[in-house]
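Student: Below are the chains, spelled out letter by letter.
Number of protein chains: 2
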Amino acid sequence: MTYYKDIREFVKTLEEHDKLARVKREINKDTELMPLVRWQFRGLPEKQRKAFLFENIVDVKGKKFNGPVLVGAHGASTEIYALGMMCRPEEIMEKWAWAQSHPIKPEMVGRGLCQEEVHVGKGLLEHGGLMEFPVPISTPGFDAAPFFSASNWVTKDAETGIRNVGNYRAMVKSPTRTGINCVFPQHIYQHWDKCRQKGIPLQAAIVVGVAPSIGYVSITKVPYGVDEYEIAGGIGGEPIELVKCKTVDIEVPATAEIVIEGELPTNFIEREGPFGEHTGYIHSHGRRPYFNVTCITHRKNPVYTAFISQFPPSESSKISQISDNAVLYHFLKYTRGIEGIRDVCWHEESGSWQFVAISLKKAFPPQAWQALKGADALDPQRGKIIIAVDEDIDARDPDSVIWALCYRMQPHRDILVTMGKSASLDPSSAPPGAEVPPGYQGVDLPTSSILIDATRKWDYPPIALPGKEFMEKAKKIWEELALPELSPKIPWYGRSLGNWLKKFEEEAELAVKGEYLETGERIAKEERIGS
Amino acid sequence: MTYYKDIREFVKTLEEHDKLARVKREINKDTELMPLVRWQFRGLPEKQRKAFLFENIVDVKGKKFNGPVLVGAHGASTEIYALGMMCRPEEIMEKWAWAQSHPIKPEMVGRGLCQEEVHVGKGLLEHGGLMEFPVPISTPGFDAAPFFSASNWVTKDAETGIRNVGNYRAMVKSPTRTGINCVFPQHIYQHWDKCRQKGIPLQAAIVVGVAPSIGYVSITKVPYGVDEYEIAGGIGGEPIELVKCKTVDIEVPATAEIVIEGELPTNFIEREGPFGEHTGYIHSHGRRPYFNVTCITHRKNPVYTAFISQFPPSESSKISQISDNAVLYHFLKYTRGIEGIRDVCWHEESGSWQFVAISLKKAFPPQAWQALKGADALDPQRGKIIIAVDEDIDARDPDSVIWALCYRMQPHRDILVTMGKSASLDPSSAPPGAEVPPGYQGVDLPTSSILIDATRKWDYPPIALPGKEFMEKAKKIWEELALPELSPKIPWYGRSLGNWLKKFEEEAELAVKGEYLETGERIAKEERIGS
Numbered sequence: 004m005t006y007y008k009d010i011r012e013f014v015k016t017l018e019e020h021d022k023l024a025r026v027k028r029e030i031n032k033d034t035e036l037m038p039l040v041r042w043q044f045r046g047l048p049e050k051q052r053k054a055f056l057f058e059n060i061v062d063v064k065g066k067k068f069n070g071p072v073l074v075g076a077h078g079a080s081t082e083i084y085a086l087g088m089m090c091r092p093e094e095i096m097e098k099w100a101w102a103q104s105h106p107i108k109p110e111m112v113g114r115g116l117c118q119e120e121v122h123v124g125k126g127l128l129e130h131g132g133l134m135e136f137p138v139p140i141s142t143p144g145f146d147a148a149p150f151f152s153a154s155n156w157v158t159k160d161a162e163t164g165i166r167n168v169g170n171y172r173a174m175v176k177s178p179t180r181t182g183i184n185c186v187f188p189q190h191i192y193q194h195w196d197k198c199r200q201k202g203i204p205l206q207a208a209i210v211v212g213v214a215p216s217i218g219y220v221s222i223t224k225v226p227y228g229v230d231e232y233e234i235a236g237g238i239g240g241e242p243i244e245l246v247k248c249k250t251v252d253i254e255v256p257a258t259a260e261i262v263i264e265g266e267l268p269t270n271f272i273e274r275e276g277p278f279g280e281h282t283g284y285i286h287s288h289g290r291r292p293y294f295n296v297t298c299i300t301h302r303k304n305p306v307y308t309a310f311i312s313q314f315p316p317s318e319s320s321k322i323s324q325i326s327d328n329a330v331l332y333h334f335l336k337y338t339r340g341i342e343g344i345r346d347v348c349w350h351e352e353s354g355s356w357q358f359v360a361i362s363l364k365k366a367f368p369p370q371a372w373q374a375l376k377g378a379d380a381l382d383p384q385r386g387k388i389i390i391a392v393d394e395d396i397d398a399r400d401p402d403s404v405i406w407a408l409c410y411r412m413q414p415h416r417d418i419l420v421t422m423g424k425s426a427s428l429d430p431s432s433a434p435p436g437a438e439v440p441p442g443y444q445g446v447d448l449p450t451s452s453i454l455i456d457a458t459r460k461w462d463y464p465p466i467a468l469p470g471k472e473f474m475e476k477a478k479k480i481w482e483e484l485a486l487p488e489l490s491p492k493i494p495w496y497g498r499s500l501g502n503w504l505k506k507f508e509e510e511a512e513l514a515v516k517g518e519y520l521e522t523g524e525r526i527a528k529e530e531r532i533g534s
Numbered sequence: 004m005t006y007y008k009d010i011r012e013f014v015k016t017l018e019e020h021d022k023l024a025r026v027k028r029e030i031n032k033d034t035e036l037m038p039l040v041r042w043q044f045r046g047l048p049e050k051q052r053k054a055f056l057f058e059n060i061v062d063v064k065g066k067k068f069n070g071p072v073l074v075g076a077h078g079a080s081t082e083i084y085a086l087g088m089m090c091r092p093e094e095i096m097e098k099w100a101w102a103q104s105h106p107i108k109p110e111m112v113g114r115g116l117c118q119e120e121v122h123v124g125k126g127l128l129e130h131g132g133l134m135e136f137p138v139p140i141s142t143p144g145f146d147a148a149p150f151f152s153a154s155n156w157v158t159k160d161a162e163t164g165i166r167n168v169g170n171y172r173a174m175v176k177s178p179t180r181t182g183i184n185c186v187f188p189q190h191i192y193q194h195w196d197k198c199r200q201k202g203i204p205l206q207a208a209i210v211v212g213v214a215p216s217i218g219y220v221s222i223t224k225v226p227y228g229v230d231e232y233e234i235a236g237g238i239g240g241e242p243i244e245l246v247k248c249k250t251v252d253i254e255v256p257a258t259a260e261i262v263i264e265g266e267l268p269t270n271f272i273e274r275e276g277p278f279g280e281h282t283g284y285i286h287s288h289g290r291r292p293y294f295n296v297t298c299i300t301h302r303k304n305p306v307y308t309a310f311i312s313q314f315p316p317s318e319s320s321k322i323s324q325i326s327d328n329a330v331l332y333h334f335l336k337y338t339r340g341i342e343g344i345r346d347v348c349w350h351e352e353s354g355s356w357q358f359v360a361i362s363l364k365k366a367f368p369p370q371a372w373q374a375l376k377g378a379d380a381l382d383p384q385r386g387k388i389i390i391a392v393d394e395d396i397d398a399r400d401p402d403s404v405i406w407a408l409c410y411r412m413q414p415h416r417d418i419l420v421t422m423g424k425s426a427s428l429d430p431s432s433a434p435p436g437a438e439v440p441p442g443y444q445g446v447d448l449p450t451s452s453i454l455i456d457a458t459r460k461w462d463y464p465p466i467a468l469p470g471k472e473f474m475e476k477a478k479k480i481w482e483e484l485a486l487p488e489l490s491p492k493i494p495w496y497g498r499s500l501g502n503w504l505k506k507f508e509e510e511a512e513l514a515v516k517g518e519y520l521e522t523g524e525r526i527a528k529e530e531r532i533g534s
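From first to last, the protein sequence lines stand for chains A and B.
Count the first sequence with this note's numbering and you get residues 4 to 534, in order.
Count the second sequence with this note's numbering and you get residues 4 to 534, in order.
Check before you lean on any hint, since a few could be wrong.
If several chains are the same, the list does not tell them apart, and a pair holds so long as it fits within one copy or across any two.
[To be verified] The calculated DSSO-like cross-link candidates involving lysine-lysine, where the alpha carbons are at most 30 Å apart (straight line), are:
1. K66 x K476
2. K460 x K364
3. K50 x K479
4. K478 x K67
These are computed hints drawn from the structure, not numbers from a lab.
Starting from the given sequences, assemble the full structure and let the hints guide the process.
Tutor: Here it is as structure tokens:
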């Protein structure tokens, strides 16, 4: 089966899998839309979450819009993300790893649906410029404006010409101007800074409403210098089709719903925000670049697509989680060659940025530290708390990770605290209004990380659960008694972890034969000493 | 209403509240019983868990027993524990704190049901001694014998005469001998060691099958020198009625199902275990004291009561969690006077021994450290990972605690690693067979703890969720659309945490009026600078 050609094909798939809530009632994009979708992240288990398609949109002044608004379509849940990857949830990691190792170059095509309507030059404002689109307010009560959230920014390195596609918020500041929140080491900021040094503006296009693979690569931290379109091609198994923009030297997906072309001046910066962020806090500080629109093109009745981010868990924390799990998994297992890597999980409570657990089967003792240090090195903005666990721990389950922390590590021996981070948007970094240290302009403030080796350092006694045969027999009795249906967690039976004597094994066998008094006698005779 | 007079009254209450599973089918105590109950801890949500009453017990050799076996009655879930406390779940902490501040002395009575049948002297073995009771094997496949698990040991300090009631496992070693697993600083071990120094044995009684208040205090780490019967009296609001033992100078609850009297020699120790422990691992090492039975008394057809422990969560981790939450809460809030303490939670994944979160509203900045250090000082065996969080964090929810760790602490600034622990049964402390350091005989090996201040150090920006009015309005729309029923988590709306400018508040108001372009204009004019 070929990959989704556009977001509309994907919406059909979501609906076929009962993963779409279609809302026909009138909804106010500024005050009602995001709070409504928010409820499913504060009040429903993940499996019940859906994408929302709002078909009847007004703004707070009563203005109506031509197209619908789509929220949660990329990653309201792991199941939805898996549909976007065209695979089962448990196959996502390896499919993502394959795409990174097998990128496919995009293909230029002559024309694209994304340019069905063109507003440029004197006609730029004929439909209101940016006001034509139903951009919702994400955090009514706190955000200073509507922000584009599923906005994929396409730019190029002024020296190498290599493209970047990245997800950055875009504050609506005028009908032809948006903000952007970016700092070092983010890739668009590196592009912007290279143009600044050359004294030229940075050309860009914001693309909204694309096949999900492009949304996934856009939000993912792939290495600088990798063209995200190629990875998206790898995910879909076929090239992304691109068209040239009308006013800038940038290529955009031919079937995108909306394309906004323009330039970021590099001689000025201005205040951006406030906006609710993935940290769970409103982000308000920062002078940042901004974007002047030169042309707007779109499909007829475009599907305006938004991510719901802010307080985790959210759609953005789910997309970040899965995509960045895949990047770290690929990096540790295939780039660094740590064969025993079993799983990697950025926990959503950090917006999937600061808490990561890595499970592995160590080939030799310090390999846990190789994984920890690799994860720490990946991105200065990510990974405040990095934990390595054994392969029998569920890296995705906080309960399982906490169990490992409690009995497989010693704080004085298995912990490293290190500087060298600049955690994005982290209010714990410094007091409000703190001076930015010299050299840190255009960067976040300096912060630290903690690496914890919670793997077993030697053979362990058996897991304290009845042996498998006893648990299996008991399950039959459980079912015979018509007790409530079980959803077993691992581990559900005991087994040796290496430190178990033949003697103890024999005693356990005697015990279930009812011959345990033999053991008691032997202890009195052979294992009693003066105190 | 008066408190439960015995475990039988409490079983009736459990059944009335649909918290009892009565099993009439024949069950093998050695191979089937514990694995069956185990399944509810590996496969059911906490609210569905019940106590189990097995009415038709055989052992592996086909022997039948007179009384039933009761498991999970004290704490298979928080709801069951609350029934045992005669209060609602949310009242447990304050009721426990009250009992600690208002102990009630027990009362001696002339005779007790616990002595309906007496086996002593030449008659000690007339019903088989300890073999009379259906003691289950907790971890078939690994345990070396049946162990008493809900065994409340009553002993006295040889110098002060002050009683101790403590829960310790008791390995069945012969019809008249059991093991016990105890080390410093456990209270019975302190009693034993004082007798050892005097060259006399330690008298003791094991009490099985008591009103739940006695089970709760027995498993709880109250300070050395406090008589647990008095706290149990405080919980029930009336004195515990006691009778004198027949062969030792010990007092036991008059309505207990089973009382085993005897002495612990102090001139010899012997091997004890293996037994599956609350850490989730089999515990096998250790030469320990043992117990010679001098007399057995019991009610007719006694209700043999067991705890299910081993891999967490379990009944033992739930009882430990609630009781030790209460002890730490009482200690920090009332003994140390930290008024702002809101909640305390020992997480069950550590068997409720090693991972604790404390939520508080700080009255001054270092108060988080006062709480952390207080918790660390409480018990050398407990608290490897101790985390302080603000009052708006749910100390019981790992997701909420992880969120606090990610954005309210910096590892290089807010963490203290310290030695001075000897974490009980912790396999991470040293390799198998490691030498015990000089001075550590009779103690666990030296270990460390990590204290983390994850409270806000200054004013924070608002929580990134829509304001309350928007969330409330959206909930009405949610219900109107007949979307799935919500179980909201906190927080579910945004609010300022102190760092929020009047200017931003006004801009947010403009935004939801649709006047956000005014803000964009003002930014261009007033907040744009050269880059």
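Student: Which hints, by number, does the structure contradict?
Tutor: none
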